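In the order they appear, the protein sequences are chains F and W. For the first sequence, the numbering used here gives the first residue as 6, with consecutive numbering after it. For the second sequence, the numbering used here gives the first residue as 6, with consecutive numbering after it.
One should not assume that every hint holds.
What the hints assert, rightly or not - Capping the alpha-carbon separation at 30 Å, the derived lysine-lysine pairs in DSS-like fashion look like this:
| no. | chain 1 | residue 1 | chain 2 | residue 2 |
| --- | --- | --- | --- | --- |
| 1 | W | LYS82 | F | LYS188 |
| 2 | W | LYS108 | W | LYS141 |
| 3 | W | LYS225 | W | LYS59 |
| 4 | F | LYS141 | F | LYS24 |
| 5 | W | LYS116 | W | LYS24 |
| 6 | F | LYS205 | W | LYS205 |
| 7 | F | LYS222 | F | LYS141 |
| 8 | F | LYS226 | F | LYS24 |
| 9 | F | LYS224 | F | LYS108 |
| 10 | W | LYS188 | F | LYS205 |
| 11 | F | LYS82 | W | LYS188 |
| 12 | F | LYS188 | W | LYS205 |
| 13 | F | LYS188 | F | LYS226 |
| 14 | F | LYS108 | F | LYS225 |
| 15 | F | LYS63 | F | LYS141 |
Since the hints were made in silico from the structure, they are not lab data. All figures in this text were calculated on a predicted structure; none of them were measured in a lab.
2 protein chains.
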Amino acid sequence: MSVKVITVGEKILGANEEKARDNKSRLDEHGILTINIMSSPGAGKTTLILSTIKNLRKKLRIAVIEGDVASSVDAEKVNELGIPVVQINTGGACHLDAFMVAKALDDLPLKEVDTLLIENVGNLICPNAFVLGEDKRVMISSLPEGDDKPLKYPAMFADTDTVLLNKTDLQPYLDYNTDAFEKAVTGLNPDVVIFPVSCKTGEGMSAWLAWLESAVKDKKKK
Amino acid sequence: MSVKVITVGEKILGANEEKARDNKSRLDEHGILTINIMSSPGAGKTTLILSTIKNLRKKLRIAVIEGDVASSVDAEKVNELGIPVVQINTGGACHLDAFMVAKALDDLPLKEVDTLLIENVGNLICPNAFVLGEDKRVMISSLPEGDDKPLKYPAMFADTDTVLLNKTDLQPYLDYNTDAFEKAVTGLNPDVVIFPVSCKTGEGMSAWLAWLESAVKDKKKK
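So here's chain F without its partners, still in its complex pose (with noise of 0.2 Å):
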């Protein structure tokens, strides 16, 4: 018995991309590093931003979009910390949008901000075609999920900068291939960075931390 395969075309829409292109100009102006950050639901997002925040603060001026189908619990969790946020709910849309963002830009103090720093919806698929006028884009996939999410959704593997392979503290507790993952994501995306790290423990921190630090330095030069 051979297993069938039946393939479904997809269109997508593609009108976001002249308001990308706007919002990265308004951002450009200001000299901010942009990132759009995307993963699965619960994979990491808030718990990085929160802790990068925590550690560069002091270096960095951060501003947080919060993007979610509903509530604004990431966002108050932010705005507790003292840095500028806007929570956009999506009401059912599965990702963020350029024109979403927009409106998002008109609530930040653009003229006092570094690094901006986007969390997109948790969702695997739907937030890769959409350009939101970011720099850099930063994934986030975690042990729990397995090792073989680049072979399921590699689109968005195909597309990133940087891979930050979160919650390695559970590595004990999971049959997680390591090797298998990161072999998996150089074969869609040579050019990838990926930073093992434990947002919860800290371990591996370290090194996307001067991965963003340097980034933004890069951006102030242009």
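Starting from the structure of chain F, add chain W where the hints point.
For chain W alone, coordinates are given in the frame of chain F:
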């Protein structure tokens, strides 16, 4: 400083529903209990299906439809067990729809099936809006995703018949509040049945298997 919230509307297309009714009639004719299994990427859909097959294959005739953006790794695993399976590759689409399932039904031996398990694309948002012709919806939410998922992805939790709270074996290593999770889910969906399980160790699986067997019997009676 207060948090700014922007709410964005979205129209969801619905021509899918008629096709789903066709699928349902076709499956009803054969008395097949059809389950639409939904979750985040890596929450344990395939592991649940494989474990269910191993436990119930002597009692029930099971068939499977596997939905993925790409690859057929999941269907290969089911095929190895000698169970009829069709892989749908959505080619970028973030959910199954009733048209894809209708095609897959053409390739399954419907006369020899008691229950059809459909593994949807890993996504906590989009699959919810697309009925496939199922009798029951089963969601898997796994502990490493965090106990706040019902707040952020309320629609899917509100629409499901059953939630399997998977990966309970990881509880000792996580800050996860099961009571808060259950309270949030029942707040959205008072009639939901929640089964804490570990598809890995088998803990709690007997309750899920009994629920499934009972639902198959109820369907045959109709």
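Going through the hints against the structure:
1. W/LYS82 to F/LYS188: 21 Å, holds
2. W/LYS108 to W/LYS141: 20 Å, holds
3. W/LYS225 to W/LYS59: Holds. W/LYS225 to W/LYS59 sits at ~22 Å (cutoff 30 Å).
4. F/LYS141 to F/LYS24: 17 Å, holds
5. W/LYS116 to W/LYS24: Status holds; Cα separation ~21 Å.
6. F/LYS205 to W/LYS205: 24 Å, holds
7. F/LYS222 to F/LYS141: 14 Å, holds
8. F/LYS226 to F/LYS24: 25 Å, holds
9. F/LYS224 to F/LYS108: The hint holds at about 23 Å.
10. W/LYS188 to F/LYS205: 25 Å, holds
11. F/LYS82 to W/LYS188: 21 Å, holds
12. F/LYS188 to W/LYS205: 25 Å, holds
13. F/LYS188 to F/LYS226: With Cα atoms ~34 Å apart, F/LYS188 and F/LYS226 exceed 30 Å; violated.
14. F/LYS108 to F/LYS225: 24 Å, holds
15. F/LYS63 to F/LYS141: 22 Å, holds
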